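Q: So the protein sequences, as listed, match chains R and P. Under the working numbering, the first sequence has 12 at position 12, and the numbering climbs by one with no breaks. Under the working numbering, the second sequence has 616 at position 153, and the numbering climbs by one with no breaks.
Please keep in mind that the hints were generated in silico from the structure rather than gathered at the bench. These figures come from a predicted structure and were not determined experimentally. Any given hint could turn out to be false.
[To be verified] Derived lysine to any residue pairs resembling SDA-like cross-links, with alpha carbons at most 25 Å apart:
1) R/Lys112 x R/Asn219
2) P/Lys671 x P/Glu729
3) R/Lys79 x P/Pro809
4) R/Lys175 x P/Glu896
5) R/Lys152 x P/Lys635
6) R/Lys370 x R/Ala348
7) P/Lys890 x R/Glu176
8) R/Lys458 x P/Tyr707
9) R/Lys152 x R/Glu276
10) P/Lys545 x R/Ala358
11) P/Lys520 x P/Tyr618
12) R/Lys112 x P/Ala811
13) R/Lys324 x P/Glu729
14) R/Lys208 x R/Arg404
15) P/Lys671 x P/Lys490
16) R/Lys78 x P/Lys804
17) R/Lys328 x P/Thr742
18) P/Lys635 x R/Arg442
19) P/Lys759 x P/Leu795
20) P/Lys477 x P/Tyr618
21) P/Lys638 x R/Asn150
22) P/Lys814 x R/Thr106
23) P/Lys787 x R/Arg325
24) R/Lys324 x P/Gly736
25) P/Lys671 x P/Gly875
26) P/Lys890 x P/Asn613
27) R/Lys328 x R/Arg442
28) P/Lys921 x P/Leu795
29) R/Lys172 x R/Asn38
30) R/Lys175 x P/Met612
31) R/Lys78 x R/Ser108
32) R/Lys199 x R/Arg233
33) P/Lys635 x R/Glu278
34) R/Lys370 x R/Leu332
35) R/Lys234 x R/Glu276
36) P/Lys814 x R/Gly102
37) P/Lys490 x R/Ser359
38) R/Lys407 x R/Pro293
In case you want the letters, here they are:
2 protein chains.
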Amino acid sequence: MKELNVLRHFFKPKAVAVIGASDDPSKLGYDVFKNLKNYSGHVYPINVRREFVQGVKAYRSVKNLPEIPDLAVIVVPKKFVKTSLAECGEAGVKAVVIITAGFGETGSEGAKEERELVEIARAYGMRIIGPNCVGVMDTWSGLNATFVMNAKRGYVALVSQSGALGGAIIYKTVKESIGLSKFVSVGNMADVDFADLLKYLSEDKESKAIALYIEGLRNGPRFMDVARGVTRRKPIIVLKGGRYGAAARAVASHTGSLAGNYRIYEAAFKQAGVIEAETIDEMLSMARAFNQPLPKYRGEASVHVAVMTNAGGAGVLLTDELEKRGLKVPQLRPETIGRLKEILPPIAAVKNPVDMVASARGEDYYRVAKILLQDQDLDMLVAVCVVPTFAGMSPTEHAEGVVRAVKELNTGKPVLALFMAGEVSSKARDYLEKNGIPTFERPEDAAAAAEALALQAKHLTLP
Amino acid sequence: MKELNVLRHFFKPKAVAVIGASDDPSKLGYDVFKNLKNYSGHVYPINVRREFVQGVKAYRSVKNLPEIPDLAVIVVPKKFVKTSLAECGEAGVKAVVIITAGFGETGSEGAKEERELVEIARAYGMRIIGPNCVGVMDTWSGLNATFVMNAKRGYVALVSQSGALGGAIIYKTVKESIGLSKFVSVGNMADVDFADLLKYLSEDKESKAIALYIEGLRNGPRFMDVARGVTRRKPIIVLKGGRYGAAARAVASHTGSLAGNYRIYEAAFKQAGVIEAETIDEMLSMARAFNQPLPKYRGEASVHVAVMTNAGGAGVLLTDELEKRGLKVPQLRPETIGRLKEILPPIAAVKNPVDMVASARGEDYYRVAKILLQDQDLDMLVAVCVVPTFAGMSPTEHAEGVVRAVKELNTGKPVLALFMAGEVSSKARDYLEKNGIPTFERPEDAAAAAEALALQAKHLTLP
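Could you build all of it, start to finish, from the sequences and the hints given here?
A: And the structure:
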């Protein structure tokens with residue numbers, strides 16, 4: 001519990017010092033301080049040569065501050081990092097993010113210097129994230145201790161071993177309106193590592209799923225041990241970089257870690273209940289599913305998914321993706337078929353997927369969703385919509401129909417949405433997301449989300 | 464050759480009649496005429512009750528027009544389709560798109576009516592696309608004979624058996640700035656089918672690759688026979704819907720065709736040199752690769768890909784995807800390593816992928832691209848960039864560096880780009896695309912493009 005409290009300072013500090021805060025837009029210390037200025041807690045720029053940084057009164061040292069900051073961000077040139085860290089210790093700082101690079105990732109000399117940083121931190125009881133990282137973000141506390149743009153608020157915690165890739169994922173999630181709860185670029189993991197963060201995030205109410213980009217683990221057994229405990233309560237989705245020969249070689253020079261034998265990772269992840277994703281989109285799609293309840297798991301028969309659509313082809317592609325991933329899209333029971341036939345036009349295909357054809361309106365989505373959710377033989381619903389071409393129809397009414405059915409019945413079954421058509425369906429997508437239904441634009445993303453829910457449900461049925 | 468000339472009327476007609484053109488925005492005939500109004504040829508609205516449609520003088524019948532339209536689009540209620548088609552025949556129309564639905568897809572009665580349409584067309588020597596389709600688009604002639612938005616101009620021909628899905632793909636390509644040369648929604652394929660279109664498109668200079676969404680083929684052997692010939696000259700990429708059990712059942716009710724045993728399709732595609740894609744994005748990415756020259760194919764050793772990046776993680780993920788798909792990312796020759804070491808900072812990883820680290824600028828992209836392109840052991844280059852975080856740098860300078868190297872050397876090797884970071888890199892992406900380099904945002908898309916080039920190169924080495 002004490003350990004958790006310490007990590008809390010990285011995300012919800014009362015006061016933050018930025019050591020190396022700068023007025024020069026060509027320095028990372030400029031962006032970091034600019035991002036942090038909006039934080040609700042006190043944020044102090046530390047700069048040895050300036051009285052003000054970005055209009056805020058600056059201090060020469062973290063030791064001169066009017067209060068003890070619980071978090072310090074170090075973004076000074078490498079030669080000043082050690083002294084800055086020692087001053088943090090003397091000042092009573094609890095958590096330090098070291099953005100500066102040039103340590104363990106550069107070779108044995110840098111590794112030695114990195115160990116010295118850890119010794120300083122241990123001596124003062126501080127924890128370090130980094131060095132050689134992009135920083136830390138918490139969209140719920142409003143803390144952005146990085147030099148990249150603010151992520152959108154959400155419930156997926158993202159931890160990345162690659163800083164630049166992590167930054168690129170942030171930009172991507174912003175563009176695609178995907179929300180994150182926290183972002184941690186772990187850098188060289190001199191001190192705080194994946195296992196520490198897993199423990200902390202497993203207790204974090206704002207994070208419903210934990211997504212990790214991992215290149216290599218220093219202490220695999222400890223990671224797997226912690227992960228095994230965490231996955232009983234919260235899903236962990238991993239994207240493993242460096243799975244094959246040349247990519248594994250690249251990992252060695254990139255994060256200075258060993259990619260290791262992928263088959264061993266694969267088996268260990270499986271045993272620990274960690275869900276593996278193949279791509280960034282799959283990782284994010286899987287993680288986004290977990291604002292939903294888990295489906296009933298039917299053992300060998302997997303999970304039964306109901307698909308409803310206003311476009312045959314979209315239903316076909318989604319069903320292909322679901323079946324490829326081992327989910328079942330079962331035939332409907334005669335009773336359900338009867339109920340659907342009562343309300344759908346003769347041209348509709350009353351099977352699973354239910355093809356309501358292009359004329360389907362919001363009311364049809366509402367009624368069909370209700371019937372499918374009420375069927376005890378179906379454990380999950382995916383509502384599919386391509387942009388309606390009939391006049392006076394916008395996909396938003398379809399979205400509303402689905403949301404109305406879900407809220408009215410409150411069956412505790414997971415519901416996902418696949419709304420294809422780019423910009424045209426973005427309003428519908430926003431509406432669904434706001435109402436807690438994860439919404440995807442690509443069949444494979446919706447299917448990955450469904451798969452993750454099924455895998456987690458399966459995992460929790462194990463003793 | 465005669466057949467080809469007839470199909471030409473679907474894409475480059477001198478005059479077009481829209482039978483069912485409407486002033487009522489709730490009718491498809493409204494959208495179709497609105498889209499066609501911008502066409503450079505003459506476009507005539509046919510409407511039995513109105514003197515003007517959307518401000519354009521209307522005619523009661525296609526037979527009353529001042530000239531013979533080579534293309535007619537029929538978008539009248541079903542009961543008027545047969546008469547309208549017969550009038551087209553009498554008037555001397557050569558090509559007819561029938562958008563109206565309610566024929567073969569509805570059962571045996573509809574199928575009979577559909578056969579009657581074909582008989583009428585045959586009697587007059589007309590060709591039909593449809594019925595039950597979204598229409599036809601040609602971004603080079605400027606013809607949009609559909610009720611969906613204009614696609615962006617490009618060199619990928621897209622043919623879809625699902626109209627609504629085809630429409631959704633159009634919206635998606637517009638959102639993602641992906642260009643198409645032609646779009647054909649084939650509908651029920653009462654007359655013109657995939658094989659006819661393949662033959663025509665294989666001769667079409669504006670289409671460098673043909674992408675097909677197929678649910679089921681009426682005449683599989685004929686398709687494969689034609690495809691086998693076409694793939695010697697131009698790549699065909701297929702996304703097959705209805706591969707697995709439930710999805711195959713859905714196909715039967717959707718397009719009225721049999722999805723068939725997927726294993727048989729799979730083998731036949733392979734034999735015909737048709738490249739299979741698993742998803743819409745993969746299909747589009749693969750097709751987009753073909754404005755590039757084909758790489759050298761090294762038999763068992765596949766194709767040798769060089770990867771350069773400013774972010775280790777992005778290089779790792781791309782390399783994983785390339786290796787997963789059977790491409791080789793070989794170690795570099797000592798001579799190339801020596802040349803790279805001369806120009807890169809010590810912190811850079813001089814292997815393949817070449818990690819130039821985050822400080823890399825446009826000049827570095829230029830010099831590294833040149834060295835890699837000059838290496839006779841490397842057949843293809845993928846330039847990777849995540850948004851640079853250093854001040855005064857925009858990914859556009861990286862893009863310019865790559866383009867400069869490619870133009871200066873003109874090696875005839877294919878070059879692809881992976882520029883990750885959403886909005887932030889969209890200018891760089893536009894610049895690369897404008898300069899003929901297919902650019903992707905996701906590692907798996909870039910890898911799929913590379914794989915498609917390798918597969919086509921392999922196919923052409925076969926006797």
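Q: Can you give the numbers of the hints that this structure goes against, from lowest to highest?
A: 11, 15
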